[in-house]
Amino acid sequence: MCKRKILTLLTVILFSLPSSSFGQIRDSDRLGMALDYFNSRKYHEALIIFERLDSQYQLNARFHAYMGICYYQEQIYDIACKYFDEAIPQLGAFAPSERANYLYINGESHVKQKEYDKALTCYEQALTLCKGQDRMLVESRMNLCRMMLTSKDEHQQDTIQHSIPQDIQLQDLYEKSIEVEAE
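Residue numbering for the sequence shown follows our numbering, starting at 4 and increasing by one per position.
Source of the hints: derived by calculation from the structure; they are not laboratory data. These figures come from a predicted structure and were not determined experimentally. Heads up, a few of these hints could be off.
Claimed, not checked - Listed below are the simulated DSBU-like cross-link pairs for lysine-lysine, each with C-alpha atoms no more than 35 Å apart in a straight line:
1. K85 x K115
2. K115 x K134
3. K115 x K45
4. K85 x K117
5. K117 x K134
6. K85 x K134
Make a model of the complete structure from these sequences and hints.
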């Protein structure tokens, strides 16, 4: 009989608590989850959370750059460019290497859309910010854009683009450099 009263009392207490106390995740925790997914290269999962939070709170420029990376990884290049083009001018206070990474990926997104003039502009800006072996990768992509811009024939552009081997070691170095620490 005593157990039944205790059980009834606990049930009443549980049902009288606000439903938001159970099963709800705070938005700050969601942002942390998105960053964890992002840093783990689970871009699709991160993007889902970023999009939801952005629709509610209008995330800052750095998170928009993260979203640009996610869209790039999802091969949605036009939206990646939209986020990068909006975010990059607002990131002047950030580390040069971080800005160079965003500019490089934005350039790659423009290349995927055959917008070589815009890609070249991104690569030129990235070149002023990057160092070491990253410079060689950026310069090779700039040369690709220049060749594509001077080529009028679309078939010739496709041939040129596929005939230029990318230095896999440089690409690996670059991909390692885009890892971002959670704040």
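How the hints compare with the structure:
1. Among the hinted pairs, K85 with K115 is consistent with the structure: their alpha-carbon atoms are about 14 Å apart, no more than 35 Å.
2. The hinted pair formed by K115 and K134 meets the criterion: a straight-line CA distance of about 24 Å does not exceed 35 Å.
3. Among the hinted pairs, K115 with K45 is consistent with the structure: their alpha-carbon atoms are about 21 Å apart, no more than 35 Å.
4. In summary, the hint linking K85 to K117 is supported, as the alpha carbons are separated by about 15 Å, within the 35 Å threshold.
5. Of the supplied pair hints, the one linking K117 and K134 holds, its CA atoms being roughly 26 Å apart against a limit of 35 Å.
6. About 26 Å separates the Cα atoms of K85 and K134, which keeps this hinted pair within 35 Å; it holds.
Violated hints are absent here; each numbered hint is respected by the structure.
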